[in-house]
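Residue numbers (numbering that gives the first Met the number 0), protein chains in the order written: chain V, 0 to 531; chain C, 0 to 344.
For the record, the hints were derived by calculation from the structure and aren't laboratory data.
To give an idea of the interface, some chain V residues facing chain C are shown, with a C-beta separation under 8 Å as derived from the structure:
id	residue
1	Met17
2	Pro18
3	Lys22
4	Arg25
5	Ser26
6	Arg29
7	Arg30
8	Arg100
9	Ser101
10	Glu103
11	Thr107
12	Thr108
13	Asp109
14	Leu110
Cβ-to-Cβ under 10 Å is the rule here; a few derived chain V residues that face chain C:
id	residue
15	Leu21
16	Ile28
17	Ala98
18	Ile106
19	Arg111
Model, not experiment: these values are computed from the prediction. From the three backbone atoms N, C-alpha and C, an ideal C-beta is built for every residue, glycine too.
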Amino acid sequence: METSPWYQRLPMFGNLGMPIALKEVRSLIRRNRYFWSQFIYLAFLAVGVIIVITGAQGTVTKQEAVGQQLFAWFFRLQAFLVALVFPAFAATSFSSEKAERSFELLITTDLRPHELVWGKFIGIFGNCCYFLMVTLPLLGICILFGGVSIWDAFENYLLLVLEAALLCIYGIWVSSCTASNLRAIMATYAPVLFFGFVPMGLMQGMRAGSGGTQGVFSAILDAFAGQELLVMAIVAYAAIGFFVFCFVAAVLRLSSPESNQETPLRVYGLIALLVGLGLAAWYVQSSRTVRPGWGPSDDIEAVFALAMLLAFVLPIAVLSYSSGRIETPLRTSRAAGQRPWVTRLCWVLLPGGARGYIFALLFVAVAYFGVHWIGTDIASLSGVLLSDAPDARSVLAYGRDVFGAIAFGFVGYGAFSFLLSTAGVRGFLNWAIVLATAVLLSLLAVVYWVQVESEQLPLSPLFSTSIVVSVMTYTQGAEGRDWLIRWCMVVHATAGALCFFGGLVVLRMRRLPALGVFRPGQKAAPMPVRES
Amino acid sequence: MNDEPLPLEPAPILPTEPKESIEVIDTTKRERQPDVLVSVQGLDMVFDSKQVLFDVGFEVNRGEIFGFIGPNGAGKTTTIRILSTLLIPTRGDLWLDGVHVIEQPEIIRRRIGYMPDYVGVYPGLTVREYLEFFAGAYRLRGKQRDALLSDVIELTDLGKLVETEVQVLSKGMRQRLCLAQTLIHDPDLLILDEPASGLDPRARIEFRALLKELRRMGKTILLSSHILTELSPICDSVGIIEQGRLIRYGEVADILSQLRGDRVWYEVTLVTAQEGILSHLRSHPAIDEVKLDDSVLRFSYGGAEEDLHTVFAILAREKVSFTSVRREEGDLESIFMSLTQGEVS
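The shape of chain V in the complex, shown without the other chains (with noise of 0.2 Å):
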């Protein structure tokens, strides 16, 4: 049989996914669904102008300050229905396969899981972007007023382009790795609501509350003032980032455990993490440059903030990542049984199951316990080194407790993550619904810290770039404020119990081990008949 030329046939290139992205095309502009999410998108932007002009007509003298006030809301409106409208499109792109039983035809097909990931991408990505182009004659109206220029309107379409193509992968990502639509569905817009529309909505509320408050946001942005490159870059870091690995970890969701794809998937952690140790001594060199007064101490300040990052980050990557090994559907025993270890470490710190909870549980020991017995004689030894001890200390100390408020974080949302699993709900979804649930309670954590300390606050600009790791109600506390570490700690080990007891009795309730580790489809064990 006669096949494509050789520069068809290399892995990385192939067909660029062309059959697939035609395929998906198709099917979707010929949906009626596809008209109606198209007229509403349209309807709601078409609206929202015309309210806006005859809003600012009453208010605003100047046709210039008119454009303005147009164009800015009607870029803030595009934002929020993208984030709305163009996951839908992604997130039932490979669930909607499975559900339909088309997805053994197409996986026995010769295209590679690369082609079918890239495919998927370009067709739906494709579609969202005539989305966007025809939202162009609205935007002549906002331009016809003036005061906005044609290489605003393109960097913010830039802008949305980027936000559709990162919904796109991650969307893709998720129906990669579920056979339920609704479950992909839920699955991927619960962190575009949480990471999205809540922070949103919170500085929204914000811009008219407090003083304070508004302070906690603009210290963000204070942190990196005067440092406009270093921002771009780590922007293009997070972006970039974000869609290789939802790409790579689709690609390795869709492959044969034979096929060795964990590779990509490794050197991409291993990338990430150079690139961000990068970013991290490039915003520390910069900073002792750029930023007037910046000492010793404020490098082991950036230094924690980065550990905490990483901390609170590497235990949910790994979570995640063992939920999804486990969950595979290819991956069977046999794989399993070439690297046992691998796998058995993948059930212990698999979300879902009593193991899980006591990993969580070891965790606290360590990082809690550790940093409290070694973090004093750090302290004392950052002395020695250190011109501005006492400042080292006190960095030292808070940072011990920030570490002890996560480690105790984990316990309650391990315990969560075990209640959860008890009740059916497993895997990704699990994580997801865990994750959603730390930001949210995070976020209202700094909500109800906000209103009671309406006050000025003693910022410091890089703890408080933490918020987006939800810490940040532990480090704004630390100082000066040890009540809200040991009630947060309390609060959590408090849920952590109950919830673990909970999950006990759910399992009992459904005849299942309370030690064991559940894997998606195990039977209850049959009812013990009591002799009368």
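Place chain C on chain V using the hints.
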């Protein structure tokens, strides 16, 4: 408290029958045997601590139709999915024309056409677009693609439906479309899982004719079914699986002769039932077994065919009148019923 070990180890969890040691071959290729296209050896499969396949092994020759038969839940689909690179077995080896199926799935996928038991189609695509998509997925281009497309459309008689959207096709037409899709890249082996399930009698007969035509064209076909009348007229050889164990495989005629040995059953329809004749027939040296059910007399005869008249001489001597005599030919149903016990794993 769960005291059981974690169900992770690939070692058999359920007790298995003692079996001969199987040679483990590390290389991804092995010497090609000219007649054998598919070779399966020592296949075990464990799902969630439940073993569903036990040491399954068989071979399929080139150009033959191999019927994989067994009751629902016997392990047919699992075996077929392993052969189609959709599942990795817990243990065992499979080769397609000397290429190891587990080690080199990419090569295997180019050489097989897989048709699942349920045909999922892409809504919004026409028949032509659907087939064009799969042609593209197999990297077919230009004139070669067009030629193969038109051949496949002609063979499966989908010419009048090429502009019809796939979701409005009937079940029978969907099966044809899926068969066309499996043929689009001209594979060596067609793997069809329950291809005729849910089809009406006419569509089933047409589908059977299509399979015969494919065999005439030199394709090797492995198909599974639990509808024996569907397989009986077309299969060259069969494998019978029950409770995850392949209990017999080989050519249909060979299995039949193995089962019946040198005995043939005859059925005589009597005018009136006469119990007394049974003892006379049992005294015949070539007759093993005699049954009388109402007016139907059945006996197994192991003698030479030219001496059969001696049996009928007994009937004539005892003045037993009969209206018809039928020699029972063995078929898949009789093989299946005599080998299986109707249990699922």
